[in-house]
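S.K.: Listed below, chain by chain, are the residues.
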Amino acid sequence: MAKMSLADLKALRDQKRSEMARRTSEGKIVDIIIGMGTCGIAAGAKDVLNTFVEEINSKQLEGIVIKQTGCMGLCHSEPTVEVHMAGMPDTIYGNVNSEVARKIIGDHIQGKKLVSGHVFDKPATDIK
Amino acid sequence: MGISNYVLVCGGTGCESTKSDTIYKNLMAAADKAGIGETVQIVKTGCFGLCEKGPIVKFLPDESFYVEVKPEDTDELVNEHLVKGRKVERLLYKNEKQEALHKEDDIPFYQKQKRIVLRNCGVINPEDITEYIARDGYAALEKVLFEMTPDQVVEELKTAGLRGRGGAGFPTWMKWNFTKSVPDDGGPRYVVCNADEGDPGAYMDRSTLEGDPHSIIEAMTIAGFTTGANQGFIYIRAEYPLAIDRLKIAMAQAKEYGLLGENILGSGFNFDLEIRLGAGAFVCGEETALLASIEGERGMPRPRPPFPAVKGLWQRPTVINNVETYANIPVILTKGGEWFNKIGTEKSKGTKVFALTGKINNSGLVEVPMGTTLREIIYDVGGGIPNGKAFKAVQTGGPSGGVITADYLDTPIDYDNLISLGSMMGSGGMIVMDEDDCILDVTKFYLEFSVEESCGKCSPCRIGGKKLHGILNRITKGKGKMEDLETLKKIGKAMQKASLCGLGQTTPNPVMSTMKYFADEYRAHIVDKKCPAGVCKDLVSYSIDADKCIGCTVCARKCPVNCIAGERKSPHVIDKDKCIKCGACFDACKFNAVIVG
Chain A
12 MAKMSLADLK ALRDQKRSEM ARRTSEGKIV DIIIGMGTCG IAAGAKDVLN TFVEEINSKQ
72 LEGIVIKQTG CMGLCHSEPT VEVHMAGMPD TIYGNVNSEV ARKIIGDHIQ GKKLVSGHVF
132 DKPATDIK
Chain B
502 MGISNYVLVC GGTGCESTKS DTIYKNLMAA ADKAGIGETV QIVKTGCFGL CEKGPIVKFL
562 PDESFYVEVK PEDTDELVNE HLVKGRKVER LLYKNEKQEA LHKEDDIPFY QKQKRIVLRN
622 CGVINPEDIT EYIARDGYAA LEKVLFEMTP DQVVEELKTA GLRGRGGAGF PTWMKWNFTK
682 SVPDDGGPRY VVCNADEGDP GAYMDRSTLE GDPHSIIEAM TIAGFTTGAN QGFIYIRAEY
742 PLAIDRLKIA MAQAKEYGLL GENILGSGFN FDLEIRLGAG AFVCGEETAL LASIEGERGM
802 PRPRPPFPAV KGLWQRPTVI NNVETYANIP VILTKGGEWF NKIGTEKSKG TKVFALTGKI
862 NNSGLVEVPM GTTLREIIYD VGGGIPNGKA FKAVQTGGPS GGVITADYLD TPIDYDNLIS
922 LGSMMGSGGM IVMDEDDCIL DVTKFYLEFS VEESCGKCSP CRIGGKKLHG ILNRITKGKG
982 KMEDLETLKK IGKAMQKASL CGLGQTTPNP VMSTMKYFAD EYRAHIVDKK CPAGVCKDLV
1042 SYSIDADKCI GCTVCARKCP VNCIAGERKS PHVIDKDKCI KCGACFDACK FNAVIVG
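Those sequence lines, one after another, are chains A and B. My numbering applies: residue 12 is where the first sequence begins, and numbers increase by one. My numbering applies: residue 502 is where the second sequence begins, and numbers increase by one.
Keep in mind the hints are simulated off the structure, nothing from the lab. Virtual Cβ for every residue (Gly too), placed ideally from N, Cα, C. Watch out, some of these pointers could steer you wrong.
Result set (PhoX-like, lysine-lysine): computed pairs, CA atoms no more than 20 Å apart in a straight line [claimed, not checked]:
no.	chain 1	residue 1	chain 2	residue 2
1	B	Lys991	B	Lys1030
2	B	Lys945	B	Lys968
3	A	Lys21	B	Lys836
4	B	Lys1070	B	Lys1049
5	B	Lys756	A	Lys21
6	B	Lys1049	A	Lys14
7	B	Lys588	B	Lys554
8	B	Lys1077	B	Lys1030
9	A	Lys14	B	Lys749
10	A	Lys21	B	Lys588
11	B	Lys1049	B	Lys980
12	B	Lys545	A	Lys123
Covered stretches of chain B (in silico footprint by chain A; criterion: 3 or more residues with CB under 8 Å from a CB of chain A, positions within the stretch not fixed) [unchecked claim]:
no.	region
13	578-584
14	694-704
So here's chain A without its partners, still in its complex pose (with noise of 0.2 Å):
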């Protein structure tokens, strides 16, 4: 990409904020968020990011995105990550390891089943 001008900058930022509502509601993707901040990797999030790139591998799922994030400011329940599917609530899962990452590919993503035991809310709302 090009050094941007002034309207390449509003155009990009409309363009992207529109691609990620869509991607959201038509569900036709499944984002899956990996807070990866140090308190995070120190937590083995490295491990759970492993674990759904074998798994989503093996059962040769589509259209599932993992992405990488900060911390979510959740420090006690690390590794944490988000789930956003359509269909499903937005889901925040806390203590997540290798096994509770396998559960989230087999119960969440694929019987549409929440996780007991690991769901959290997320810390605050957005501002507006």
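Here the structure of chain A is known, so what remains is to put chain B in place on it, guided by the hints.
M.R.: This is chain B only, laid out in the frame that chain A set:
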């Protein structure tokens, strides 16, 4: 038929003790009885916060938020809400006007938190600039470069009332204005970010830099435009490798997109950033020592005035702010100073991020509006003290701050209130202590830290800190005298008055604070030669209550130095001379026969 409703029952410690498990089971039974067991999933969750309103039950996807739910409410919740689709008004969260709030987003200060600084942390991919842009990233820079003058930026910050988040709370607009107002002599000006976060237990800045690095880049560029600087430095400790990596990625992306470097967005304004690594000296969190370190000198403080705003980096006008201060800037400029000014207290505007650690169930980062009380942070957001232990104190301001006792838990937090309590905001460390913590031991810990981190430049800090620590150490070994208390006060006052920089001036704060609020603990150590918390080894002795001991031999087996003797089924005895007071026998005993005295 798939699941169409989800019911979340808070399983946090507080709610668990008020019957959340029974509620969970009752809801399952009620759903089956109503014939909708197949379309509803009921799960237990981690702590929701808002513990004072527990137990909490939340319905998704419509986000109804029920509070103070009792086990006998479950049939009504299932039949009314799930079967008939009507909310149970009497259990909905109610605001101050007693209006029932139907949507989670309607609840003011939901979970007591408001995330302005941490708005993108845990939301965007910090290594993808387009995700930052989608969240109004660089919109503030756009506005500033094409619609505002430097004077207007300063005016907006003044309207907002933002005060620096590094500790002292100096008005940001004023600091920027000082640098901006230095007459132009054609020489360079600088913008510096203080990311040298060194307080024990503090990691707010690390989280911001790892989770939202572009907000800092954008804010520093705005600071450069406002003050006439074309070069910025981010001074960050080498101990933050992930934050450094993400900053580098973010800077490279910003340059590639034309948001950093020459002719930003075609505006003609040039601004560039460099990272400078600090070696972890605490004193380099002090602005003049930090600037000396960037220049390649030893990190030692300089006398002020002249202040860095006028003569800073390489003797040039320099604006220097903390990470968290910068993180507020883009939001203030996109939403406006008036919006920010409405948050917080009369003199402390906006939010504050705390690293809540210590004896707390939900340790983590907490961002709350100024004016939130300590009780709300510790018991609602933090979920209270583990294992039902009693709260003793909370330390704010790190090794420069002081303790706040249970008597003051309802104090609204802002800069001025914390100072009047003998503590300070600091950068946001908040360490909770319970009944098992010895106040003198904690104070000694902070003193050890400050003594270790003194740069040694001035005598009051170099010598005074060591003397304070020596006296406190003597007291915790049972060799203190009542006159020591007066000596501690005198040394502390001298350090506060005569030290060259904030490190030495604030080193005595934990001592002065704990002497004021925990005089009884000092007296116990000095007069009674006892440590009430059982921490100071020289003052603690372990013995076994022969009446309670059944001779199960567990303590003898656990003892690492074999100083417990006794036959099976006979009372055991501890050899006090050999005992190293590690507490293993106390922890192991199931019959409470081990006495700590």
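S.K.: If any of the earlier hints don't hold here, list their numbers in rising order.
M.R.: 1, 6, 10, 11, 13, 14
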